[in-house]
Amino acid sequence: MSFDPLTPTSFLRRSALVYRDRPAVVDGDLDWSYLELWERSGRLAGLLRAAGVGGGDRVAALGSNSQLMLLAHHGVPLAGAILVPMNVRLSAVELAYIVRHSGARVLLCDRELSALGAEIAAATGISLLTEDEVEAGLPDSPAFENPVADERLPLSINYTSGTTGRPKGVVYHHRGAYLQSLAMAFHLGLRADSVLLWIVPMFHCHGWCLTWGATAAGSLHVCQRQVDAGEIWRLIRERGVSHAAAAPTVLTAIAAHPDAVADPMRRPIRIATGGSPPSPTLLARMAELNVDITHAYGLTETFGPVMLCDWHPEWDRLDGQTRAKLKARQGVGNVIAEQPRIVDEDGVDVPADGETSGELVLRGNDVMLGYFEDPEASAAAQLEGWFRTGDVGVMHPDNYVELRDRSKDVIISGGENIASVEVEQAIASFPGVLEVAVVAAPDERWGERPVAFVTVAPGGEIDPPAVVAHVREQIAPFKAPREVLVVDDLPRTATGKIQKYVLRQQLWGDQERRIGA
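Quick note on the numbering used here: the sequence shown kicks off at 193 and runs consecutively.
Think of the hints as simulated: they come from the structure by calculation, not from any bench.
List time: in silico BS3-like cross-link candidates among lysine-lysine, alpha-carbon distance up to 27 Å:
#, residue 1, residue 2
1, K689, K517
2, K517, K600
3, K689, K600
Since we're looking at a predicted model, the values are computed, not measured.
Could you put the whole structure together from the sequences, leaning on the hints where they help?
In structure tokens:
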């Protein structure tokens with residue numbers, strides 16, 4: 193008898209009624225209740241309308257995990273506009289490209305990034321509203337809400353990292369964000385008494401849609417503008433953090449921090465991780481620290497985590513090493529997604545034997561509408577209605593997916609495929625290894641050979657030949673790297689992913705990569 197278009201802003205409207213006096217967001221010394229967050233969001237919508245923003249216009253947001261970014265996730269859609277969250281680690285030139293490509297009319301900017309925002313505004317002519325200007329304008333701004341007429345209308349444009357060319361604008365719709373938010377709240381077990389520490393960037397897939405998912409649950413958002421392992425430990429103790437989402441690199445930093453030994457977790461904390469496969473060694477270490485890890489998998493094109501390693505209670509009775517190996521799998525589709533498939537070059541499902549590899553393809557409500565103003569790229573990403581991820585994996589007999597590599601990261605040596613992830617996990621189990629990345633190097637005889645870049649844990653030492661010998665005992669000897677290069681740090685994206693293409697460039701130089709490029 194009735195129908196209302198789905199939109200994630202409806203969660204805040206409800207929480208403002210149900211949890212009106214409960215704390216909604218903390219940012220440093222500032223805090224607001226859920227009623228206050230709703231009122232401020234409506235006033236931001238009014239402020240944007242006064243700045244000339246109309247229905248369907250784009251509003252760019254340049255911010256860290258701040259109260260302004262959280263406010264923008266509600267206020268911009270309430271204005272009927274399309275949110276364009278931008279990666280704060282990009283250069284001014286790259287950010288200006290995104291502003292121009294998206295056609296954004298207004299740029300919202302954290303106070304710490306106001307100089308960068310001014311540079312972008314000068315280069316593009318976009319109107320700039322800094323955090324301080326927003327705060328000054330909110331008290332006198334009338335609240336505004338533009339009802340959503342169609343749940344499949346664009347909600348936001350999220351730009352990819354652009355590591356192989358210009359970044360692409362991934363278009364999200366209201367329906368997908370609404371359902372993905374509920375899926376994340378459900379799978380992480382968020383409740384009104386949960387305290388979510390913001391580690392994963394809000395600009396990345398809207399913080400895996402937890403900007404709206406935690407709001408739906410009435411949880412407390414604890415903002416953290418600069419990710420620091422020591423600060424994470426402090427906030428865990430002082431704020432009673434119960435949930436977070438973070439890349440494996442951040443988990444590594446948390447586990448390596450002195451507080452991990454001096455003052456470990458006093459109660460279980462649930463952290464979702466994704467971006468790159470965490471090694472069983474890292475997962476086992478987090479279990480020792482009383483951290484319950486939910487391993488998730490997703491892309492910008494899938495609203496963040498579209499798969500997760502859904503845990504079976506009976507697996508708790510297994511030994512630690514077996515549990516860690518099971519948890520390292522990417523798993524099954526989340527509660528709103530279709531069951532993922534692994535297909536061969538002809539689009540036919542490979543056997544579910546845990547050995548035959550193929551490409552991961554996805555389908556469901558949490559898959560993008562397409563790439564903004566790029567119909568060719570949108571068409572190329574499809575396979576008979578399924579989204580092609582470019583990731584290589586296997587399907588296990590229990591219908592759980594385990595990814596082995598990105599297609600571009602597979603090392604083909606002497607005609608044999610070597611999954612860099614498999615080699616990395618073998619190296620990660622060597623004492624003293626903090627992080628590892630394995631990439632292909634040119635080889636006159638074999639075409640390619642694996643080379644490992646490793647960082648050393650504090651107080652540890654690494655003997656490269658010993659690492660090679662260790663790997664040869666763990667997996668097939670031909671997969672072992674002949675070179676283990678110890679480095680101070682690994683290049684990474686803003687979301688913590690290791691940039692393997694940078695490492696490959698160091699090894700290949702001007703040579704054209706003939707295989708797996």
